[in-house]
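Asker: Work out the full structure, taking the sequences as your base and the hints as a guide.
In terms of my numbering, the sequence shown is residues 829 to 1433.
Derived from the structure by calculation, the hints contain no laboratory data. It should be emphasised that the depicted structure is a prediction, and the values quoted were computed from it without experimental measurement. Accuracy of the hints is not assured; some may be wrong.
Claimed, not checked - Quick list of simulated restraints, FRET-style, between CB atoms:
no.	residue 1	residue 2	range
1	G1286	L977	49 to 55 Å
2	P1119	D983	42 to 48 Å
3	D1091	A866	19 to 25 Å
4	R1118	E1000	51 to 57 Å
5	P971	G1352	46 to 52 Å
6	R1116	D1355	23 to 29 Å
7	R1116	G1273	44 to 50 Å
8	E986	T1387	49 to 55 Å
All C-beta atoms in this analysis are idealised placements derived from N, C-alpha and C, irrespective of residue type, glycine included.
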Amino acid sequence: MAGTLGPGRGAGVRQGLCAMTETALSRLAVTIARTPEAAALTVLDPDGRETILTYGGLHQRAERTRLRLARVGLKAGDRLLLGLPTSVEFFTVYLACLRAGIIPAVMPAPRPAGDGFEADRIADAAGRLDARAMVTMVPPASPAPEGVLCVAARDLMESDPGFRDDPADNRETPAAEAVAHLQGTSGTTGRPRWAIVRHRNIAANVRAIGSVIGARADDRLVTWLPMSHDMGLIGLSYAWYWGIPVIAADPSNFVRNPLSWLDLIDRHRGTLSPAPNSAYQACCRVARLRPPVALDLSSWRVALCGAEPVHLATLDAFADLFGRHGLRPEALMPVYGLAEATLAVTLSSPAERYQADWVRGDSLAPGAQVRQQGTAAPSGREGALPLGACGRVLPGHELRGVDGDGRLLPDGTVGAIEVRGASVIDGYWGDDGKGTEGDSLIRDGFLRTGDLGYVRAGEIHVTGRQKEILIINGRNFSPLQIEAAIERAVGATFTPAVVAVGLPDAEMASHSLHLLLDGRLGGGGRDRMEALVRQTVDRAFGLRGVRLHWIAGGLIPKTTSGKIRRFQCRDLAVEGMARRQDRSLRPPGGIVAPASPSAGADRSE
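Answerer: Listed below in structure tokens is the structure:
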């Protein structure tokens, strides 16, 4: 990466972004005062029933709730665990917290019959944040941690006949410097950490996003994403900042029927709707089985794809399947971001179709100069992998690639991605400025993202995570790229279908590559699938002697946001090797079995 990239599109807005005092909350107050009768939210419950809240109605509910939070003893600066599903109650309590200066930490809603993991998750968050209270729809299965007041949402939402409030009143909102909320990180290798997101961070990010995609007064945001996910929560802030309505569905609607998301866009003429790669993939899978008959996606002008690795094959398939229903391929926009930068860091152009580099899989190690084989699928070239571009850095922000010592790298060289700008957080709650690897989170004013990638023609290509690099025979490999190559080769219609991990190998005095394969890949014959996997890894990366382990379908360990839990996957690989040594290929009651080197062997999921 040739020096520092930035400030991206719209360089002239940088000073304004850094110095602004407007927030999503202050702009929402203006919208409420100007158009109290306009629809602010349309909320769909798990059964698909819609509830519409006007701006005035949202204001009234939030003010009543703010007063009730004060009556139970909560004040500005207190931390509150907000464990509500996508609902009128969630939006009301969240807004009430913001107005009161109470700091919400949004979590997945606890289930009536939870488990030990859920109880541990709540206890860990309460302890880390020194939380004063927790708001839920139903009491959690386990008692609230000691010292934490458990409040039922229905008690906060009761009507108050004596309450009167004028939406046109100009009530002072928290300062831009104040903490808005705490965003939980994915916790792929351990306990989640809580990013401190300030009102100024949110304003900078959503304003920059709007400047890239061209915010319009007639936009309508459609989302089914959990509000505990940064893409869901900052999407809400985007709508409040730009004064546009939100159509929010409970995520269970999408889980039951992915195409319900697209039906919602059609029915409400949605223009903006983001989702992770796996959601687009799920829609493709269902559409192939049950092609939609009447679907109009011509209103959908910005379809952001992020939060997890973006697969070119997924975007191509989605553009092909739903282009016949009015979707423009230019609407599909890969994005790179992370909670520590509020949400987005880079965005693709809404005026151009998404781009990709075809590169040699064995040239993606940190410090390597990426060997490009063109921007179109090369014919007859073995070992070429598509690596999607995630666009340019946001206005008002800078991005750079550095080596292990912090030295800038030239264009086309894989390095550590660092970013600077008004969206970048100060740190994690209760931590001492350390990042996820124990190093300083900020270096020379730049956020150390922990991601690897390279820049070509001004666009970032993300290649993997620093902490996940596999060292095999003295060479560095990104598990992300190994997984993507295999999933593309076998035509996987879901992710994750494969996980690459490294285990110490005493015979090789190095690490050996182990692949966990989802059992659903073996439908056409596991021997054939294993041969194809080994061939792909050999051709793309020059790796042989790969150990394969079959995992029961759908049981690859993931976080609540769908990211791979690699430490748990390593444990499964170790378990598989132990069973191999015991010559037990069908573990009683287990979920993992190593693949056999001999054809026709008995292998269970």
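Asker: Next, verify each hint and record whether it holds.
Answerer: Quick rundown of the hints versus the structure:
Restraint check, G1286 to L977: a C-beta distance of roughly 51 Å satisfies the suggested window 49 to 55 Å. Between P1119 and D983 the beta carbon distance is about 47 Å. The supplied range of 42 to 48 Å therefore holds. Range check, D1091 to A866: Cβ separation about 24 Å, and the 19 to 25 Å hint holds. Checking the proposed 51 to 57 Å range against R1118 and E1000 shows it holds: the Cβ atoms sit about 52 Å from each other.
P971 and G1352 have their C-beta atoms about 49 Å apart, which keeps the hinted 46 to 52 Å range intact. For R1116 paired with D1355, a C-beta distance near 26 Å keeps the hint of 23 to 29 Å intact. Hint check: R1116 to G1273, Cβ distance near 48 Å, so the stated range 44 to 50 Å holds. At about 36 Å, the beta-carbon gap between E986 and T1387 misses the expected band of 49 to 55 Å.
Violated hint for the displayed structure: number 8, the only one.
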